[in-house]
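Count along the sequence shown starting at 1, add 41, and that's the number in my numbering.
Derived from the structure by calculation, the hints contain no laboratory data. Note that the structure is a prediction, hence the values are computed from the model and not measured. Please note that the accuracy of each hint is not assured.
Here are the simulated SDA-like cross-link-like pairs (lysine to any residue), alpha carbons at most 20 Å apart as the crow flies [claimed, not checked]:
id: 1; residue 1: LYS341; residue 2: ARG319
id: 2; residue 1: LYS341; residue 2: ARG324
id: 3; residue 1: LYS307; residue 2: GLY143
id: 4; residue 1: LYS271; residue 2: GLY143
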Amino acid sequence: MSNYVIQADQQLLDALRAHYEGALSDRLPAGALFAVKRPDVVITAYRSGKVLFQGKAAEQEAAKWISGASASNETADHQPSALAAHQLGSLSAIGSDEVGTGDYFGPIVVAAAYVDRPHIAKIAALGVKDSKQLNDEAIKRIAPAIMETVPHAVTVLDNAEYNRWQRSGMPQTKMKALLHNRTLVKLVDAIAPAEPEAIIIDEFLKRDSYFRYLSDEDRIIRERVHCLPKAESVHVSVAAASIIARYVFLEEMERLSRTVGLLLPKGAGAIVDEAAARIIRERGEEMLETCAKLHFANTKKALDIAKHR
42 MSNYVIQADQ QLLDALRAHY EGALSDRLPA GALFAVKRPD VVITAYRSGK
92 VLFQGKAAEQ EAAKWISGAS ASNETADHQP SALAAHQLGS LSAIGSDEVG
142 TGDYFGPIVV AAAYVDRPHI AKIAALGVKD SKQLNDEAIK RIAPAIMETV
192 PHAVTVLDNA EYNRWQRSGM PQTKMKALLH NRTLVKLVDA IAPAEPEAII
242 IDEFLKRDSY FRYLSDEDRI IRERVHCLPK AESVHVSVAA ASIIARYVFL
292 EEMERLSRTV GLLLPKGAGA IVDEAAARII RERGEEMLET CAKLHFANTK
342 KALDIAKHR
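Kindly generate the complete structure, drawing on both the sequences and the hints.
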């Protein structure tokens, strides 16, 4: 019989009890808070915070909770252990990632991709890696093959809506949380009745903070969600999602460029200031509302450049 142990805080213990409520056992070992008995796994949670998983599905079931576990199975920064990362990498999983948050021009795009166990090797063989490691040509070559192979969902926050959210006082981190959750809802519905064994978000917030931002949402994807740094190295689904998101972002940038009549540069450097100043001179400041994130410092710089030329 396989055994696996994680160390849980009170919040995780409460989440475990609620999740397995229908399988709680009346018979408790000494020192136990609760026990769960299922055909493939027995779970015992102790007052010390230790949670013992036993049975043929012990490691797989424990891996679902590893992102919420503490010191004994993670580093102080709540990183998954090497064993947990290996386990997650072999599961059928949804990965989620976003692009465009640091670019002055263009939207924020969030993509989620579902890669089940039989397709993990096939997707990896396409040369899938973090989109930041690939140039635009490689993204345009690889992304269509990924999109033809795996179920995926995309959410685009256009610039006009981004600016409305930002003026309402919403921080960009909350925008990203909302977009990730809404994208996950779409993909979870699309693949039903199949259920991912894990949902892995490339970390931009700790898990607790992520869910706090979602408190007002009508529907929240909570089960088996892991928020992990460098998640593209944990599961190929996250790398696939990052490539899809980048591909859609590039398409949106090309569309916006045609609309404004100017090739819009990526990033937020001096070349962006010059492009924005040209748009102001030729199309008016109001045009930036439709293609730029106006609260970036680039707006003021572009206005200064346009004024003095």
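- Query: Which hints from the list above does the structure break, by number from lowest to highest?
  - Reply: Of the numbered hints, all hold.
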